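Let the hints inform the model, and build the full structure from the sequences given.
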Amino acid sequence: MPLDPPTSDGRFGEFGGRFVPETLVPACMELEAAFAEAWSDPAFRAELDGLLRDYAGRPSPLTVCDRLSTELGVQVLLKREDLNHTGSHKINNVLGQALLARRMGKERLVAETGAGQHGVATATAAALLGMACTVYMGEVDMRRQELNVFRMRLLGAEVRAAMSGSRTLKDAINEAMRDWVATVESTHYCLGSVMGPHPYPWMVRELHTVIGTEAREQCAALLGGDGLPDVVTACVGGGSNAIGIFSGFAGTRAELVGVEPAGGAAVGRGAPGVVHGSKSFLLQDEWGQVQEAESISAGLDYPGIGPEHAHLAAAGLARYEQVDDREVIEAFALLSRTEGIIPALEPAHALAWISRDREALAGRTVLLNLSGRGDKDVAQMMEHLG
Amino acid sequence: MTGLEATLRAARAAGRKLLVPYITGGYRPEWLDVVRAVADAGADAIEIGIPFSDPVMDGPVIQRASEDALAAGATPGGILAALRGHDAGVPLAVMTYYNICFHMGHERFAQGLVDAGVSAAILPDLPLEETGPWCDAADAAGVETVLLAAPTAPDERLPRICARSRGFVYAVGLLGVTGERDTLAATATSIAARLKSVTDLPVLVGVGISNADQAVEASAVADGVVIGSALMRILLDGGGPEGAAAFVAGVRAALDG
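First to last, the protein sequences are chains C and X. Under this note's numbering, the residue at position 288 of the first sequence is numbered 288, and the numbers go up by one with no gaps. Just add 1000 to the spot in the second sequence (first one is 1) and you have this note's numbering.
Calculated directly from the structure, the hints in this document are not laboratory data. These figures come from a predicted structure and were not determined experimentally. Incorrect hints may have been included.
To be verified - Looking from chain X toward chain C, a few residues come up when the C-beta cut is under 7 Å (computed): (1) Asp1054; (2) Val1056; (3) Met1057; (4) Thr1075; (5) Asn1099; (6) His1103; (7) Pro1124; (8) Asp1125; (9) Pro1127; (10) Thr1152; (11) Leu1175; (12) Gly1176; (13) Val1177.
Claimed, not checked - Not everything, but these chain C residues come out facing chain X in the computed CB check (under 7 Å): (14) Gly17; (15) Val25; (16) Asn174; (17) Arg178; (18) Val181; (19) Gly273; (20) Val274; (21) Val275; (22) Trp287; (23) Val290.
The C-beta atom is built at its ideal place from N, Cα and C for all residues, glycine as well.
Shown next, in the form of structure tokens:
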């Protein structure tokens, strides 16, 4: 049983919706219709599948971690999204949206980015398809991830600093939405996670289901018995890589576990709220002002979470854990040392949870979506571990 | 206090073009004095901004005013408490983002507006399809909900927006966020004309109305204008109640011809 589609008003349970300025409502409706049409068009699917295979390098492998598993006493399998072109799962979504934007006659992509992974992926797709591209990035994140800023510019994108608020991902989204309000007729907003107004949480999920579909087949080929891992885990900021891998195992006996940064735990510490186009769990103060997240990982430095995750949490269909920055740094080093794989700080959150809960997980098989590689984080980690 | 729509309809019937300035609540300690000064200078109603942490429909000036207000400790409760018992002499509408209302609870927020003497609410990230729960509470409490209509709307959408809007219809003058522009966008008069052809509600153009000349130009088609960023820039630059009054009086005089 796959994950349910949203209702016609974009709801997953009580969450989701389309809370955007009136100017953008027709564009969201147009996008919803265009995606639904493209997604059921075999020619569109074939073109996207071709790009995912020949350009992005799919399918991504499934790696059995022998030394790590021995050290933790938990059998850990990694879905290697870090090996995709541009170094993370983000390329799945971006290639789909860029093809869709071109099909809709849009000439320009605008995107937000936190760690820079989605920005780099969007700039890459824009270069591939010959489209103009503007990426908004919080000024603080531009300093934390200066190599990715250079990458985006090398790829031909314009990178604009978001100077308001906390100057991180939340503010980059605000700026991208303001840009889109002004340019909606010629521009597609290439949103980078399963958040925002309907149809984005659904569309971005669908574009990442390839992760779960592949992983399900790979597990079936690898594992005995029913071919299922006991647990499927992924880090959650907005939650796109998590929903992608969850989609392959929803409705099975596999337990779904999202891992949030303690400083940005929207499910763990938030309350229902509305920002950036949808109703979800949100870190906010007593008056509903959105609070700033604080995480070592720029990619998870976000006070909200995709609305479908809020629904999965509220309905008890998935569980959400929190890890702190210190645990993440240890996990970053652990995977590097035991497996020769330097993970991005984001998926290191999921490994940090496995490591912390290894006694409870002893003897079980855990599938971890390794959503990105750690090259971008090495300089930052040198300060902590060097 | 007479309601917002009744007041605007009466003024329009008297042959007057409508002027609704916007002031961010709590941007400076003297903000209530500015409200009074602007009312005395010829405003027909006043929008009071309740600052929100993530104002996606606002450009740099109102962003800065909002950040200043939040940094100074402004809260929705504090702003409504300050308005309570403050008779500006013209109807007030609050402008804020939906999460402020949602978080407080629809009924509590509506009652809070009533208790503060506020007639109406404008929630720019609450489009027609999402208005149901809020409008039920607002209608029950007697709060008028002003909806926005944008140039991107297809023709069939405009009558539905007008049917649900109370007070007036807020015609978004351009594709973009709030802020001053050198010239009036062609979309300002085109959206106003499209709305005027489908509704008897007062039609006011806001977003991008930067000065008296642009207000007059837009009001040739619309029933009037909302002016936010141009006024807030004067106030953020230290203009105070006198500066605000002078600006509003200038626009008033231009509109009165």
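Here is how each hint holds up against the structure:
no., hint, in the structure
1, Asp1054, "holds, 5 Å"
2, Val1056, "holds, 5 Å"
3, Met1057, "holds, 5 Å"
4, Thr1075, "holds, 5 Å"
5, Asn1099, "holds, 5 Å"
6, His1103, "holds, 3 Å"
7, Pro1124, "holds, 5 Å"
8, Asp1125, "holds, 5 Å"
9, Pro1127, "holds, 5 Å"
10, Thr1152, "holds, 5 Å"
11, Leu1175, "holds, 5 Å"
12, Gly1176, "holds, 4 Å"
13, Val1177, "holds, 5 Å"
14, Gly17, "holds, 6 Å"
15, Val25, "holds, 5 Å"
16, Asn174, "holds, 5 Å"
17, Arg178, "holds, 5 Å"
18, Val181, "holds, 6 Å"
19, Gly273, "holds, 5 Å"
20, Val274, "holds, 5 Å"
21, Val275, "holds, 6 Å"
22, Trp287, "holds, 5 Å"
23, Val290, "holds, 4 Å"
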